[in-house]
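Undergrad: Sequence:
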Amino acid sequence: MSRELLQQFKDSQNLPQSKLATMLGVSSATVSQYLSGVYDGDVAKLDKKVCELIERANSRKVDIKTGFVLTKSARKTLSVCEDAHTLGDIRLVIGEAGLGKTMAIKEYSEKIKGVILIESEPTFSPKILLVQLCHALGVVPSRSNHDNLSAIKAKLKDSERLIIIDEAELLSYKCLEIIRRIHDMTGVGVVLAGMPRLVANLKGKSGEYKQLYSRVGFVHDLGRELTADDVGTLATHLLGTDEHNTALVKACQGNARRLSKLIRTVNLTAKRSNKPISDEMINAVGLTLIG
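Just so we're aligned: 210 in the numbering used here is position 209 of the sequence shown, and the numbers increase by one with no gaps anywhere.
Derived from the structure by calculation, the hints contain no laboratory data.
Values in this document were obtained by computation on a predicted structure and should not be read as measured data.
Mixed in with the good hints, there may be bad ones.
Said to hold, decoys possible - What follows is a list of derived Cβ distance ranges for each label pair:
id, residue 1, residue 2, range
1, Q212, R265, 17 to 23 Å
2, L290, S215, 24 to 30 Å
3, E53, K128, 39 to 45 Å
4, S160, D48, 55 to 61 Å
5, I129, N284, 41 to 47 Å
6, Y174, S151, 20 to 26 Å
Claimed, not checked - Straight-line alpha carbon distances no greater than 30 Å define the calculated BS3-like cross-link-like pairs of lysine-lysine that follow:
id, residue 1, residue 2
7, K262, K272
8, K73, K50
9, K251, K211
10, K11, K272
11, K107, K175
12, K107, K73
13, K158, K211
14, K49, K204
15, K107, K262
16, K251, K77
17, K158, K114
18, K128, K158
19, K156, K112
20, K128, K206
21, K262, K73
22, K11, K262
23, K272, K46
24, K77, K50
25, K211, K175
26, K251, K272
27, K262, K251
28, K46, K73
29, K211, K112
30, K204, K128
31, K156, K211
32, K251, K73
33, K211, K154
34, K211, K77
35, K77, K46
36, K206, K175
37, K204, K50
38, K276, K77
39, K11, K107
40, K206, K50
Quick reminder that beta carbons are idealized off the backbone N, C-alpha and C, glycines included.
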């Protein structure tokens, strides 16, 4: 029975065998043998793993909607992207974590042609940044940073494209200088999105990076939290009702990421207890949320 369930799960999720093996903590060969009915190992142990995997997957099936929601905050972020793209400016979008910056810039990059989205990592060096840009532009990167930069500039010159860098506060000064230089030499628009410390990174501790910061046209600050209206809009979209908006607005503390975690956990709690979602349930779960 477990074998049939695993095959159904694999087919319904369109999972490659290698991914399924990783989820079960076994080799691809083991999964192949198990599904074929010729596995000669500990079948009972693997049956148990399969049942646990499917139970977890079923628990994650939530009755909430996903996808981008056009809140007032998101609309402002989209406008910043559009302005930077149209005018060829460098613009900043800053705000605390969990306010929807990433969702909004991803929406713009997916809907508008000519956008290059780079998601920064703590490990980013100038070389990694240049290689990422090369890949995004369809350029085969070389071992030389200078050659890569030259190829990127040639590709972007008068292209009227837009570069968006998410979590830009993680970029070093050298990386930020590379972005400035690309902007200066090609005329492409740039949006740097990140935490508030991004502004300080661009200015320098003593304002010594004037040449860098002077290129920034405008800074759009999302602040520390979303408005109650924006949270209500998100909550109504996720649950399909505004019945619990008052409790959700209070519990999520103006944070979209916290709201998402809250609703997912509340929904799971309701399913497990076979009870409808209530304000009391929301308040109880809200007290256990860390961030």
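Undergrad: All hints, please: hold or fail.
TA: Verification of the hints:
1. Q212 / R265: 17 to 23 Å: violated (45 Å)
2. L290 / S215: 24 to 30 Å: violated (41 Å)
3. E53 / K128: 39 to 45 Å: holds (43 Å)
4. S160 / D48: 55 to 61 Å: holds (56 Å)
5. I129 / N284: 41 to 47 Å: holds (45 Å)
6. Y174 / S151: 20 to 26 Å: holds (21 Å)
7. K262 / K272: Holds - the C-alpha atoms of K272 and K262 are around 16 Å apart, at most 30 Å.
8. K73 / K50: Not satisfied, since the Cα-Cα distance of roughly 45 Å exceeds 30 Å.
9. K251 / K211: violated (41 Å)
10. K11 / K272: OK: K11 and K272 at ~24 Å, within 30 Å.
11. K107 / K175: Status holds; Cα separation ~25 Å.
12. K107 / K73: holds (16 Å)
13. K158 / K211: holds (25 Å)
14. K49 / K204: Violated - the C-alpha atoms of K204 and K49 are around 57 Å apart, more than 30 Å.
15. K107 / K262: OK: K107 and K262 at ~20 Å, within 30 Å.
16. K251 / K77: holds (24 Å)
17. K158 / K114: Given that 30 Å is the threshold and the Cα spacing comes to 16 Å, the pair holds.
18. K128 / K158: holds (20 Å)
19. K156 / K112: holds (22 Å)
20. K128 / K206: holds (24 Å)
21. K262 / K73: Satisfied, since the Cα-Cα distance of roughly 21 Å is no more than 30 Å.
22. K11 / K262: holds (27 Å)
23. K272 / K46: Distance ~28 Å between K272 and K46 Cα, so the pair holds.
24. K77 / K50: violated (47 Å)
25. K211 / K175: With Cα atoms ~14 Å apart, K211 and K175 stay inside 30 Å; holds.
26. K251 / K272: holds (23 Å)
27. K262 / K251: holds (14 Å)
28. K46 / K73: violated (52 Å)
29. K211 / K112: Judged against 30 Å, a Cα distance of about 34 Å means the pair is violated.
30. K204 / K128: At roughly 23 Å apart (the allowed maximum being 30 Å), K128 and K204 satisfy the hint.
31. K156 / K211: holds (28 Å)
32. K251 / K73: Judged against 30 Å, a Cα distance of about 19 Å means the pair holds.
33. K211 / K154: holds (23 Å)
34. K211 / K77: Holds - the C-alpha atoms of K77 and K211 are around 27 Å apart, at most 30 Å.
35. K77 / K46: violated (53 Å)
36. K206 / K175: It holds: about 15 Å lies between the C-alpha atoms, which stays within 30 Å.
37. K204 / K50: The hint is violated at about 53 Å.
38. K276 / K77: violated (38 Å)
39. K11 / K107: holds (29 Å)
40. K206 / K50: Violated: K206 and K50 sit about 53 Å apart, past 30 Å.
The structure fails to meet hints 1, 2, 8, 9, 14, 24, 28, 29, 35, 37, 38 and 40 from the earlier list, while all remaining hints are met.
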